[in-house]
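Q: Starting from the given sequences, assemble the full structure and let the hints guide the process.
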Amino acid sequence: MKIHYRIIYLLISVFFIYTLLFCGFIYYSISSYSFQDFYKRLEIRAATTAKIESEKPKDVSVIKEMRQEFLEKLPEQEEYVYKINPENNGLTVPKGEDGLPDELVADIIEFGNGNFQEKSKFYSGIKFKTLNGDSFIAVVSAQNYFYTHHIAYLQNLLITSLLYGLLLIVFVSLLISRTLVRPVQNIIKEVKKISFENLHLRLKLPKSKDSLRKLALTFNDMLNRLETTVETQKNFISNASHELNTPLTSIIGEADLALSKDREKEEYQKALANILSEAEKLEKKTKALLLLAQTGFDGKSQKFDILRTDQLILDVKETVQRINFNCKIYLDFSLLPENPMKLKVNGNFYLLHLALSNIVLNACKYSNDSPVHVALGASDKEIIIVVRDSGIGIPEGEMQYIYDPYFRASNTGDFKGYGIGLPLARNIIRIHKGKLEVNSIEGQGTSVQINLPIAIIKL
Amino acid sequence: METKKILIPTDFSVKSLNLVKQAIETSREEKVDIVLLQGAYLPSSITEMLFFSKRKLVKSFQSEEFNEACKMLKNKYDSRINSFCVDVITSKNNAYFQEYLLANGIDEIVVPNEDSLNFKGKNSFSPLPLFTKCKVKLNHLECSSVYEKATTVREQISDLFFSRT
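Protein sequence lines correspond, in order, to chains A and B. The first sequence begins at 1 in my numbering and counts up by one. The second sequence begins at 1001 in my numbering and counts up by one.
To give an idea of the interface, some chain A residues facing chain B are shown, with a C-beta separation under 7 Å as derived from the structure:
1. Leu335
2. Pro337
3. Glu338
4. Asn339
5. Gly377
6. Ala378
7. Ser379
8. Asp380
Keep in mind that the hints were calculated from the coordinates and are not lab data. Note that CB positions come from ideal geometry on N, CA and C, so glycine has one too.
A: Dropping the structure here:
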């Protein structure tokens, strides 16, 4: 069901149930009040009738006067006064009269007073004793005008107002759902317009500062990221072929030149050495590419073992110093946990070694061989490795692209590189369910923090 | 085995935890109890006072990095740290602070140099002036970091390392 209709149905049902309950309550309480009120009026009349019957004749005139003056006659008011037979608790009803309903009489005799309703005719009566000791009952009956006319009017009024209310509710809920759903629909419409070809389009931001604006902002943010990824994907092939082409061209050129005429032995050796070095470069590049492609998968082909991170870091240090003699790497094990179990991770030694050495090598390279600090520590669930240099840093605006393959920051012109190391490292860390975070200030240095989950070893 | 309870002021930055490191290294006792302390003003509005809870207040100060760094320290000195807790005092009153020290059985207070901690955060104040008037043993520590500038930009766990390199 569309959310549009769902909102409407929900609003209508809630409002309708509310008004229905409201009307029902009013109807019920008004009618019950009118009943009670009418019975009270009847009872007063019954009481005065009883008084007139039972008091001394000289007082009776006063009471009659009072009744004449203050108690108006109700519609179809009738008064009955009957004597109670002491023998059988029955009434002595004069002939030619209908008498009273049995229920009412029984009530009055038992409790001293009683009420009764027969259609729109209401009865109310009391029991009393005259001066000479006889028991009587006095009953007054009348038509309840309010019940017959006003209640019906109230009923009609409530029903019509309910119908009008329903109309109003439908209208209001339509309006509300419109205003609520319209902006969402607008966003849907705009997002639908965006496809692979026009990724540069962005959503219009609503003026109000609500969650819809946030939604649009989030969409735009996502589009930004998508666009850059698509752009780098597009550039990847051209970049890759360019990277591979450069050493190939020099190999071909060198071979061509060597073969163009007969040469001395030394010259051939020199040419072959050149070709070899270029071919090695090519191999490195293809290997890096291959690794990047491999690690881009879910890591299903890799074998994972339990390994110690301090061992790993020492190994990395050795490797890096073999590759680059000028590297000054300082290890900081000051926060090494006492419990060696907290140093173990579940991972592939070769891959982690590759990722770490990449990062450390980069740190050395981009800081012109000034000291690089590598630190290791462990919290309860994660092992934290920090690599910190005081090199050229990464410009702030380019931080979001550093994980794109072949991206190189604008200040790396003086350094050789392919732009594969960091994305590769991140892929590897991701395979190990870890986190790689880069913080950098341009011109001051970069710190890379790697969090790896501690292996859970069952003994 | 004797345990010593050390009170260490903190501004809830990772860098300030270097004091903990130094305090443990310099103490001769085998076991230590660490109490990190910051001054925090109580909220002034009545509705905030109604729902005030000290635990929530302390929690609001602690960043994820801070917690992570605390855990790292705990792992590092696993056998020496007996207990580790973070607390706030809510008054600059001297008598209140004396009472606090007495109630918590503090044996030693670490006093860093004046400008090493930054108490400019919201609703917080420095407990350092209170330390000068108390009878508990004071332990003055130098707190410095070569990466002074880099740390001001963003809180990083790496602040905990390299403090004396």
